[in-house]
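Protein chains: 2
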Amino acid sequence: MTQTEDALHYIQHEQHELSLLGGIGALLGWDQMTYMPTQAITERADQMALLSRHAHERLINDTFYHHIHHLNQPTILPTLTDTDQYIATRLKQDVDKARKIPPSFTEKLSKTTALAYQAWDHARTHNTYQEFAPHLQKILDLEHEYCDLARLPGPLYNTLLDDYEEGMTTQTLTNEFHTLRTQLTTLLNAITNTDRYHTQQPLTDTITLTHQQALSTQLLTLLTMPSDQTRLDVSTHPFTTTLGDHDVRITTNYERDGPLFAFYSTIHETGHALYELGLPHQGPYKDTVIDDAPSLGLHESQSRFWENMIARNQHFWTYFLPIFQHTTHHYTTTTLDQWYHDINQVHPSLIRIEADELTYCLHVILRFELELALIDEKLTVQELPDAWNQKMHDLLGITPTTDTDGVLQDMHWSGGDFGYFPTYAIGSIYAAQLYTAIQHDHPDLQTNLITGHLTPILTWLRHHIHQYGRLYNADDIIKRACGKGLDSHTYVNYLKNKYYDLYDI
Amino acid sequence: MTQTEDALHYIQHEQHELSLLGGIGALLGWDQMTYMPTQAITERADQMALLSRHAHERLINDTFYHHIHHLNQPTILPTLTDTDQYIATRLKQDVDKARKIPPSFTEKLSKTTALAYQAWDHARTHNTYQEFAPHLQKILDLEHEYCDLARLPGPLYNTLLDDYEEGMTTQTLTNEFHTLRTQLTTLLNAITNTDRYHTQQPLTDTITLTHQQALSTQLLTLLTMPSDQTRLDVSTHPFTTTLGDHDVRITTNYERDGPLFAFYSTIHETGHALYELGLPHQGPYKDTVIDDAPSLGLHESQSRFWENMIARNQHFWTYFLPIFQHTTHHYTTTTLDQWYHDINQVHPSLIRIEADELTYCLHVILRFELELALIDEKLTVQELPDAWNQKMHDLLGITPTTDTDGVLQDMHWSGGDFGYFPTYAIGSIYAAQLYTAIQHDHPDLQTNLITGHLTPILTWLRHHIHQYGRLYNADDIIKRACGKGLDSHTYVNYLKNKYYDLYDI
Chain A
149 MTQTEDALHY IQHEQHELSL LGGIGALLGW DQMTYMPTQA ITERADQMAL LSRHAHERLI
209 NDTFYHHIHH LNQPTILPTL TDTDQYIATR LKQDVDKARK IPPSFTEKLS KTTALAYQAW
269 DHARTHNTYQ EFAPHLQKIL DLEHEYCDLA RLPGPLYNTL LDDYEEGMTT QTLTNEFHTL
329 RTQLTTLLNA ITNTDRYHTQ QPLTDTITLT HQQALSTQLL TLLTMPSDQT RLDVSTHPFT
389 TTLGDHDVRI TTNYERDGPL FAFYSTIHET GHALYELGLP HQGPYKDTVI DDAPSLGLHE
449 SQSRFWENMI ARNQHFWTYF LPIFQHTTHH YTTTTLDQWY HDINQVHPSL IRIEADELTY
509 CLHVILRFEL ELALIDEKLT VQELPDAWNQ KMHDLLGITP TTDTDGVLQD MHWSGGDFGY
569 FPTYAIGSIY AAQLYTAIQH DHPDLQTNLI TGHLTPILTW LRHHIHQYGR LYNADDIIKR
629 ACGKGLDSHT YVNYLKNKYY DLYDI
Chain B
149 MTQTEDALHY IQHEQHELSL LGGIGALLGW DQMTYMPTQA ITERADQMAL LSRHAHERLI
209 NDTFYHHIHH LNQPTILPTL TDTDQYIATR LKQDVDKARK IPPSFTEKLS KTTALAYQAW
269 DHARTHNTYQ EFAPHLQKIL DLEHEYCDLA RLPGPLYNTL LDDYEEGMTT QTLTNEFHTL
329 RTQLTTLLNA ITNTDRYHTQ QPLTDTITLT HQQALSTQLL TLLTMPSDQT RLDVSTHPFT
389 TTLGDHDVRI TTNYERDGPL FAFYSTIHET GHALYELGLP HQGPYKDTVI DDAPSLGLHE
449 SQSRFWENMI ARNQHFWTYF LPIFQHTTHH YTTTTLDQWY HDINQVHPSL IRIEADELTY
509 CLHVILRFEL ELALIDEKLT VQELPDAWNQ KMHDLLGITP TTDTDGVLQD MHWSGGDFGY
569 FPTYAIGSIY AAQLYTAIQH DHPDLQTNLI TGHLTPILTW LRHHIHQYGR LYNADDIIKR
629 ACGKGLDSHT YVNYLKNKYY DLYDI
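Chains as they are written, first to last, in the numbering used here: chain A, 149 to 653; chain B, 149 to 653.
Bound-form chain A, shown alone:
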């Protein structure tokens, strides 16, 4: 075997085993959130730490590194097949990045966030921000240390963002979110001034557990989730996790926040799951670094697409409302028109995860602006709660009366996840771009929705998004599918079309 053949063989094998280790880690996490006895928590944390340390050691292993760098030499790389060139290049980026972060830093961050999470949890319960503040400061210091280690060009925040949304820049987000912020607040203002807004009533009829479960089963069938490769279980916070190419699991929660929480969370997670199942698990990219999603934003575009563009769509409900009524034995006298309004009510609220489709991105933009200011040291940890409340007032017109309902509501910062929040808004924007592109490619989309024929939609997503895996950056995949990268205008147009009609503006 030549050195190059040897290297190709080695990296193929190593990527496969890293992907197996990833699946094992996913099982440990899934079990913890679903079925694990409560007393097992400490040992489970040790098991997860041990496994992720082992996986990391293999990722940054010198032999692996040398094989990858051999393949990336200017004299070698062009001699490889296109496939191998893509794999070798991508892998080099990942491994080079991972090797910049010493295990001692990862351990320090992990210990700091473990304590910070506890402090956050306690502070949120007792509305005592000052208890969390010193932990947040430590995390910010570590974020700066991380930026020094992994430093990308441009603003510091680029480095953090890149871990979740590779290739995306702070500048692009600042521009797009500026447009979005202005347009959304204007649209929200128009809505809150309508008569319909002032007379709308929230849905309050609860649906029994059994009926909700029956509904979930119907949804999975309708969205063609393969029952021999997936599961639906219950957890406090709904999530999707991938244990293997043929083992993708989602969860829901039947006891939270209104009668449709489980319905919409099941669809949302199904969107994530269908994406995972559609990644290039067959062919030359199987078990390679390409066989994965390129960004959290693109992942979120899949969940939000099914949740909002499909399952909050009037045509979808033309088909599904009778089924819904028959299955749940509730809302049986509601008309399609009334139902469509009911499930699309806009109502500015304090909590992000309870936000409606329209106001959701304002919650995200708020966090993005605060993160940026914190990282750039234009805002201090002490000033943060007031800054939060001021922005809530500016963006949504309401002000939290407690930090529990304000700055302490999300766990992300306690986990050191700076740079993560924007991906929620990116996903929403991409979803609207995808919806616009599908409408263009499928003039009969409306008929498909009315007849409950969703396969053409999934096929389109498989073809334009899923099959590429990480072959390109998320924004490049969107550009190929929709003609443009991240584009708030398309999203705003989609929202205007929808809400002008809903609120007779």
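Worth flagging that the hints you see were computed from the coordinates, not collected in a lab. Mixed in with the good hints there might be a few duds.
It does not matter which identical chain is used: a pair holds within one copy or between any two.
[Stated by the list, open to error] Calculated pairs, DSBU-like style, for lysine-lysine (alpha carbon to alpha carbon, straight line, at most 35 Å):
id : residue 1 : residue 2
1  : Lys256    : Lys434
2  : Lys434    : Lys286
3  : Lys632    : Lys240
4  : Lys256    : Lys526
5  : Lys539    : Lys644
Since chain A is already given, all that's left is putting chain B on it; use the hints.
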């Protein structure tokens, strides 16, 4: 740090991580048997193989080995604490043994048994022993190769037995099983000649799933299974598995073999689980090689003790029959006396896992005698089916009409588990010895059973069995608890007492 301190520190850490890896492997297995989507099977096998290879590499790692051998030097060992001496000695035995088996052999065995299992499964379904025969021959060849590698003194079979029942010898088993065989066939003959035997009727009233589940929940509470450290789920074959000191899971099956299958399998597995929970997880042996069961036979003694000595006991049912009737809404007019007879019926049958308490060990002895003959090359793979049928006739007075109901019924040989079967009978014998010893130590045992007060029994087992872990061999632990090692006579006396009364002999 001195070299000895360094070694002690190293082996402590390594044992802890090996135990964490064991827990991860257990989760992979548990999930496969309970919730895993069917299509995930191939990747799951890869995940399990990867993890067990990694654990094995760490077990036979040179640095680990050198630290262990340093501690076992004649000049060092006596300077250690008693605890550390026990650990170092045990660990040396385990690691020395593991290092005798090259990974290439383990891989070969694993591939051979994977194919053999498939062939067995197909052969059993289609009653085609000849399909399985060449695979069995390959496995027997590998068993011989294994004996060459791990060779213990005495008969070849000692080496195989030792993996499941450390310290037990073929000679002891041959003697004890000879007694047992003679006495059991005599007793069985006496029973089948009684009037009661010829008039007894099997239990046929099925119990609904919901009632069976309610019964299982009551059992877990009665047997004091801690709900924050355990789970009960459903799988095809009931089993117990340990994911951590505070995470022991059992399964049952509500759809098999008669109305009491789930009831007795839940108790059986609870016996295993209570043992696992009672191992020395606190104190100096936590996470060490001592914090484990010394043998499968001793483990089986715990499950069979609760299943047979307690849950088939007349005094237990004095307490539990009203609860059973109230919970299941079945058998509500059956008297205690009738019920006690009903659940203790003897009925020679072809299938081991459906056997009653009395005939069960005859099934095991049959397999032991055949295994011994195969390993000693006194019996060929071609002669095996006829030998099986002949022995069934000699021991149980019945003859299978198909190999599916005969030699092909158990999967063990397809997995290369030669030496495993005897542990089922060892467990039954030990269980009777424990029952006799508890009766002696607790003259009020009968009152405890009649009042459903089972804690004193568990406390006795914790004190005499569980707390020792692997500090001694199984037979030595039994000797300390009961005054004698493996003793078929005690078991036979227990059976005679019980069945003479039941069948008016």
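Is it within a copy, between copies, both, or neither that the alpha carbon of Lys434 lies no farther than 35 Å from that of Lys286? between (40 Å within a copy, 34 Å between copies)
I want to check one pair: Lys539 and Lys644. Are their C-alpha atoms no more than 35 Å apart within a copy, between two copies, both, or neither? within (23 Å within a copy, 83 Å between copies)
For the identical chains here, do Lys632 and Lys240 meet the 35 Å Cα criterion within one copy, between copies, both, or neither? Answer is within: at 28 Å inside a copy they meet the 35 Å cutoff, but 65 Å across does not.
Intra- versus inter-copy proximity for Lys434 and Lys256 (alpha-carbon distance at most 35 Å): both (34 Å within a copy, 26 Å between copies)
Alpha-carbon proximity context of Lys256 and Lys526, limit 35 Å: within (25 Å within a copy, 63 Å between copies)
Every hint, counting from the list given before, is met by this structure.
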